[in-house]
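Novice: Sequence:
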Amino acid sequence: GHFPQSFEYSTVGGWVVTRGAGQNSTYYGKIEDMVIAQTYVTPTGDIKTHAIPRKSTGPDLDQIMIGSEGAFGVLVAVTLRVRRYDPSQTERFSFLFKDWESATEAVREVMQAGCGFPSVFRLSDAEETDLALKLYGIEGTLIDTYLKLRGYKPGKRCLLIGSADGDGDFTNLVAHKTKCICRQYGGASATGFVTRRWEHGRFRDPYMREDLMDFGVVIDTLECAMNWENLPHVHKTVREYVHSRPDTICMAHISHMYPQGANLYFIFIARMSDRKEFIEYHRGILDAIQRSGAAMSHHHGIGKLMAPWIRAQLGEREFEVFRTLKRHFDPENIMNPGGTLGLDTADEVRRNFLS
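Numbers 1 to 355, taken from the working numbering, label the letters of the sequence shown in order.
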């Protein structure tokens, strides 16, 4: 159930130590929901947990080590949960909504309805939808013309794609309930065809970045997480900053959802050749994410890139817990030094845009 877009080249260990998420996480969970046991080699000795599905033996050592990004030790073994999977039972669907507001209300209702979760569940905003419909061969077709006449206008309409995994009775229920809810919020069915087109090209899309960079066009992604109540504000705040630079494309989608909230994944495309300009612009986007009240990352991790923001995100007392763990596992700071998790980030580069 864990299929990140980096699936061709990433590793199980990498998924675990960055708290990664796959494209099917709405049903299967993120990687931290799949870990049962781990073994780490640290400078002060080995850490090993036991393969028991649930336990009440104090704070969860597995969760302490997951997401440590190599700063505490090296992950050398991991036991993961496995699930039955029958692809013949998968149900696919897609819908177009007239606007972002009705689309986000629909997916929130699906997640809170109590009838099971889809596996893939991905909602594109209007800017991403316009590009997606071009890539999937929908734009300009008879069905596109029909949808425009019904009020699903370019620049406003939003595309939802999804699928349900599991036993046939379960997938039928999830797909049926999802379709009913989408129709209640004005969604028009685009069938499972669009979802299949997305599946066909989902692992190829990142390769476009290198080709476009040869022409001075930069593509990068940043993602964050928030409660449903804050999602409209985060979406608006970050997009306003990205679009403050002329001739910049800013696409966004929600691809990991929960009853309580979701992630937002931003993709910006701009013609840019100056390294300093890119760094300042990139920092500005992260400042906007922090200012909006979202979590700085949902599944990419912190690493060195977002280290300057982590202390303000967590709080000083909370961040000291990380430092205490670092001193325990790696007193000489030989494990992934140089800013990982902000553990040795210089004070002068710290960022704090929280109100």
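Mixed in with the good hints there might be a few duds.
In silico lysine-lysine, DSBU-like type, Cα no more than 35 Å apart, as pairs [claimed, not checked]:
#1 236 <-> 48
#2 98 <-> 55
#3 48 <-> 326
#4 48 <-> 179
#5 179 <-> 156
#6 276 <-> 55
#7 153 <-> 236
#8 236 <-> 304
#9 326 <-> 134
#10 48 <-> 30
#11 236 <-> 30
#12 98 <-> 153
#13 55 <-> 304
#14 156 <-> 30
#15 134 <-> 30
#16 156 <-> 177
#17 236 <-> 98
#18 326 <-> 304
#19 153 <-> 179
#20 98 <-> 179
#21 276 <-> 304
#22 30 <-> 55
#23 276 <-> 326
#24 276 <-> 236
#25 148 <-> 179
#26 48 <-> 98
#27 236 <-> 148
#28 98 <-> 156
#29 276 <-> 177
#30 236 <-> 179
#31 55 <-> 134
#32 177 <-> 153
#33 134 <-> 98
#34 55 <-> 326
#35 134 <-> 179
#36 276 <-> 153
#37 30 <-> 304
#38 153 <-> 134
No wet-lab data here; the hints were simulated from the structure. Computed from a predicted structure; not experimentally measured.
Novice: Next step is simple, just say for each hint if it's right about the structure.
Specialist: Do the hints match the structure? See the list:
no.: 1; hint: 236 <-> 48; result: 44 Å, violated
no.: 2; hint: 98 <-> 55; result: 47 Å, violated
no.: 3; hint: 48 <-> 326; result: 17 Å, holds
no.: 4; hint: 48 <-> 179; result: 45 Å, violated
no.: 5; hint: 179 <-> 156; result: 21 Å, holds
no.: 6; hint: 276 <-> 55; result: 49 Å, violated
no.: 7; hint: 153 <-> 236; result: 20 Å, holds
no.: 8; hint: 236 <-> 304; result: 27 Å, holds
no.: 9; hint: 326 <-> 134; result: 49 Å, violated
no.: 10; hint: 48 <-> 30; result: 21 Å, holds
no.: 11; hint: 236 <-> 30; result: 26 Å, holds
no.: 12; hint: 98 <-> 153; result: 7 Å, holds
no.: 13; hint: 55 <-> 304; result: 33 Å, holds
no.: 14; hint: 156 <-> 30; result: 31 Å, holds
no.: 15; hint: 134 <-> 30; result: 31 Å, holds
no.: 16; hint: 156 <-> 177; result: 25 Å, holds
no.: 17; hint: 236 <-> 98; result: 18 Å, holds
no.: 18; hint: 326 <-> 304; result: 16 Å, holds
no.: 19; hint: 153 <-> 179; result: 21 Å, holds
no.: 20; hint: 98 <-> 179; result: 16 Å, holds
no.: 21; hint: 276 <-> 304; result: 17 Å, holds
no.: 22; hint: 30 <-> 55; result: 19 Å, holds
no.: 23; hint: 276 <-> 326; result: 32 Å, holds
no.: 24; hint: 276 <-> 236; result: 26 Å, holds
no.: 25; hint: 148 <-> 179; result: 20 Å, holds
no.: 26; hint: 48 <-> 98; result: 52 Å, violated
no.: 27; hint: 236 <-> 148; result: 25 Å, holds
no.: 28; hint: 98 <-> 156; result: 6 Å, holds
no.: 29; hint: 276 <-> 177; result: 49 Å, violated
no.: 30; hint: 236 <-> 179; result: 27 Å, holds
no.: 31; hint: 55 <-> 134; result: 50 Å, violated
no.: 32; hint: 177 <-> 153; result: 26 Å, holds
no.: 33; hint: 134 <-> 98; result: 17 Å, holds
no.: 34; hint: 55 <-> 326; result: 25 Å, holds
no.: 35; hint: 134 <-> 179; result: 24 Å, holds
no.: 36; hint: 276 <-> 153; result: 38 Å, violated
no.: 37; hint: 30 <-> 304; result: 22 Å, holds
no.: 38; hint: 153 <-> 134; result: 14 Å, holds
In this structure, the hints that do not hold are numbers 1, 2, 4, 6, 9, 26, 29, 31 and 36, in rising order.
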